[in-house]
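A.B. asks: Which chain is which? The protein sequence lines are A and B, in order. Per the numbering used here, residue 1 is the first one in the first sequence, and the count goes up by one each step. Per the numbering used here, residue 1 is the first one in the second sequence, and the count goes up by one each step.
In case anyone wonders, no lab produced these hints; they're calculated from the structure. Among the hints, erroneous ones may be present.
What the hints assert, rightly or not - Some chain B residues near chain A, calculated using beta-carbon distances under 7 Å: (1) Thr42; (2) Pro46; (3) Leu55; (4) Lys86; (5) Lys95; (6) Asn96; (7) Leu287; (8) Pro289; (9) Phe290; (10) Glu334; (11) Phe338.
Stated by the list, open to error - Using 25 Å as the maximum straight-line C-alpha spacing, the simulated BS3-like pairs for lysine-lysine come out as follows: (12) A:Lys267 / A:Lys287; (13) B:Lys23 / B:Lys212; (14) B:Lys86 / B:Lys180; (15) B:Lys86 / A:Lys381; (16) B:Lys224 / B:Lys273; (17) B:Lys86 / A:Lys357; (18) B:Lys198 / B:Lys180; (19) A:Lys381 / A:Lys267; (20) A:Lys381 / B:Lys82.
Said to hold, decoys possible - Covered stretches of chain A (chain B as the covering partner; in silico rule of three or more C-beta atoms under 8 Å from a C-beta of chain B): (21) 200-212; (22) 235-242; (23) 328-339; (24) 365-378.
Heads up, the beta-carbon is just placed ideally off N, CA and C, and yes, glycines get one too.
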Amino acid sequence: MLHQLTVAELTDRLDRRECSSTEALEACLGQMARVEGQLHSFLSWDEADARRQAAVADAAIASGAYRVERPLLGVPIALKDVFCQQGQPCGCGSRILQGFVSPYDATVVARLKAAGAVVFGRLNMDEFAMGSSTENSAYGPTLNPWDTSRIPGGSSGGCAAAVSANECFAALGSDTGGSIRQPAALCGIVGLKPTYGLVSRYGLVAFASSLDQVGPFTKDIRDSALVLQSIAGHDLHDSTSLPAPVPDYRTALTEGSLKGVRLGLPKEYQVGGMDPEVTAAFESALKQLTSLGAELVEVSLPHTEYAAATYYIIAPAEASANLSRFDGVRYGLRVDGSSPEEMNSRTRGAGFGPEVKRRIILGTYVLSSGYYDAFYVRAQKVRTLIRQDFLQAFEQVDAIVTPTTPTPAFRLGEKSEDPLQMYLSDIFTISCNLAGICGVSVPCGLTRSPRLPMGLQILAPPFGESTLFRVAHAYEQSTPWHRERSPLS
Amino acid sequence: MAYLKGAMEYEPVIGLETHVQLKTRTKMWCGCANVYGAPPNTQVCPVCLGFPGALPVANEEALRLTVLTGLLLHCEIPRFAKFDRKNYFYPDSSKNYQVTQYDRPSTREGWMEFEFDGEGAADGIARVRITRAHLEEDVGKSTHFDRHSGVDFNRAGVPLLEIVSEPELRSAEMTYAYLKTLTQLLAHAGVSDCDLEKGMVRCDVNVSVRPKGETRLGAKIEIKNMNSFSGVRRALEYEIPRQIAALRRGETLRQETRRWDDDSGITEPMRTKEDAHDYRYFPEPDLMPFAPTESWLEEMRARVPELPLDRKRRFVRDYGLPEGDAEFFRHHVELGNFFEQAVKAGGASKPLANWVINTLVASLSAQAKTVADLRFTPGQLAELTELTASGRISSKIAQEVYTVMWDSGEAPNSIVARLGLAQVSDAGAIEELCRQAIAALPGPVDDFRKGKVAALNSLKGQVMKLSKGKANPQLAGELLEKLLRAG
């Protein structure tokens, strides 16, 4: 079945003319027809547009287009509802963007298209990427393909569920505090958060500008490197993107051994509340890494305990300003009022969901005069300390390994009444964003009953994606977990 | 000050926040054109419309013009500046925050001098300290129709410089003079066109009054909505007596923002301190801090033009010109440059200044030409003044030489030689002409002999006439006198 292939497998077949892009797309659409009713990964998709793109790709392949120039030629890839794609809706899982059709392509979308991908479909998410379960979507939750009574994680839950269920070959998501790695772990696929500044944010609807980063959801590490290669690199439209050449990530995928690689185990990450099966899976992953030749070293990240508090000041502060533009004046939802102020507050009152409102209020509060120094300024200082923790640890080790999440996927509604519990599902992932480093989650096991995936998180220094790929690829190739597919796949 | 009425004398303290649109080709954060007068919402893109996902990229030229302004205003240029978000909801703001520079502006702590006679000035010059000049973005423009409102975002994202003065202005007149000079200076340096009609300059005035001698400031009243300099002056002429009268009545003034109504000529309350915005400034995470390097600053310093007032002072100091001449050259930059080149070529400054200010200006305006059209060089004008100074030609002949030079660009020495215009200083030749003059004009001769010395002038005129203007007039006078006294 074509839709079950990885990106690399599909491009091989396309290049050998054993299948067409159109057939690959139809396989995805067929799979969507079978499982969407149970999963709700997608908010919308434009079949006609996707078919047009696939036909163009097929024509290019037929006329002998070079794979090296267009590495993703003919590959159907879907987008989290947070990226602008010209002529397509972009709703961020929110009512406030109802009816908005983007007039431009995000840089990553333009790069996917330039690489030949068939870009289609809007994947469900927590509203404005605020959440860890996709339950905060204004259009209803996405469900986990391994167990549809459970959440797929979030905020990019639609991405993780869709790739896990083979509804698309890969997807682009955004990660502000774990929104790629956490759902990837809970759905048993690979999710990468690149270093801040490696991938352009232009056209990614901002949640927290200094933390947001775009990354791929894929079925294995090779695909992750392949997609990153196509979207990474300096962008003149994003002042925070790094003006430096992108390394060739394929070279990181050749080594099977981890001899000479030092992996750090942060002692502060041995927290209470861990699911015993997650602990066991993590320990066996460590054994596996050792058997591949890696050396395990205990490291200290002393400011870890402040990460969640720091994150929940900085992210809402930036969000409170980023989300101000949704006012009913220029696009999206408008609820009329007798004055501009009334229109504004009615529109925002009706357009935003409770979690978004909670964070806007939180962010507005921490930036208010009289509180700014005690909260925002202090949080920025702690953020610098957290970054220094990691940079110091990376002087001793090549990468750091942790579980991606403390528990496997939880049940729908299990944590949605308790924001604090929900926030804690990101404890292993948020420091990475605060520190501006890179991280990836790879599947590292399944719980016994029900069978639920768990993830191993690997963190590397800024622009250390090659290290991530080397360690993750060696681990993945020596274990069966990435070949495990969900019942709905 | 004219506010001395009761027992206590009050003085106003005025500070200005002047917003000036920068003269850049494109807007502050995007590639949209920075133009005035286009049909509504035609100069817009996802960035300046605040569309989801759009990001700003700072306009380099706007950063340069900001620093250039800082240098013109003798400001410190910090090696680290950054942008911040100023949060407030208003329909004409496309992001509902304005990107500005809050606590680390690109320029700070400077001063500006301007000509002004009155309190706060010494020797006709006033100096006002500049708190800062920082870069920010303009907002759109709301228009209110019958039953709805519209916003034109063409102006949104146009680079805007806010120049903040210290509260050191002492009167409406002084404020007016400050604004005039400031905008002339920015226009002169190419920072802004400063076209008030097009809304390129807008200012907010902070004014308070206090008993004379008091050093603490009174309650600060901010006045908004003045769209001309005379509006600023009128608003102050209204507001200052209003505040003084209130204090005299025993009222307490409170910090507030007032709106100037140009039609009725009064200020009205807009909002008090209690309902002031909390702008919740924080660093703009979408932009990198701005850290100018030494070589970049060096380029900016090279771009700083001479300030008009400095130019005037230099012309007095370096060329010994009277104030009036220096004032002329301050305003007529091209002619001033021509004058300076002529001095450099070896001419004497005062005669050159006279030539330029009197003769050259007259001929340029008569023929509607500019300095660039001139056929002769500054060096040739210097040569001409030298010919007169050395006595080789008379000033009358010099005018003739000038006319030829104007038409052809031929060098004065060559003209004099070719047309044989050199002054005759040969005593024998002139004496002969003097005899002819005495013979021809018996009347004046008679008068002179009777003691009427002025009669000599007619005889001298006759000698000049006979010599076709070439005779050395001084020599002719001496010889005439000798002959008359002898005879």
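A.B. asks: Next step is simple, just say for each hint if it's right about the structure.
C.D. replies: Taking the hints in turn, this is what the structure says about them:
no. : hint                : verdict
1   : Thr42               : violated (15 Å)
2   : Pro46               : holds (5 Å)
3   : Leu55               : holds (5 Å)
4   : Lys86               : violated (9 Å)
5   : Lys95               : holds (5 Å)
6   : Asn96               : holds (4 Å)
7   : Leu287              : holds (5 Å)
8   : Pro289              : violated (10 Å)
9   : Phe290              : violated (11 Å)
10  : Glu334              : violated (40 Å)
11  : Phe338              : violated (45 Å)
12  : A:Lys267 / A:Lys287 : holds (17 Å)
13  : B:Lys23 / B:Lys212  : violated (41 Å)
14  : B:Lys86 / B:Lys180  : violated (29 Å)
15  : B:Lys86 / A:Lys381  : holds (21 Å)
16  : B:Lys224 / B:Lys273 : holds (15 Å)
17  : B:Lys86 / A:Lys357  : holds (20 Å)
18  : B:Lys198 / B:Lys180 : holds (16 Å)
19  : A:Lys381 / A:Lys267 : holds (22 Å)
20  : A:Lys381 / B:Lys82  : holds (17 Å)
21  : 200-212             : holds (count 9)
22  : 235-242             : holds (count 5)
23  : 328-339             : holds (count 3)
24  : 365-378             : holds (count 5)
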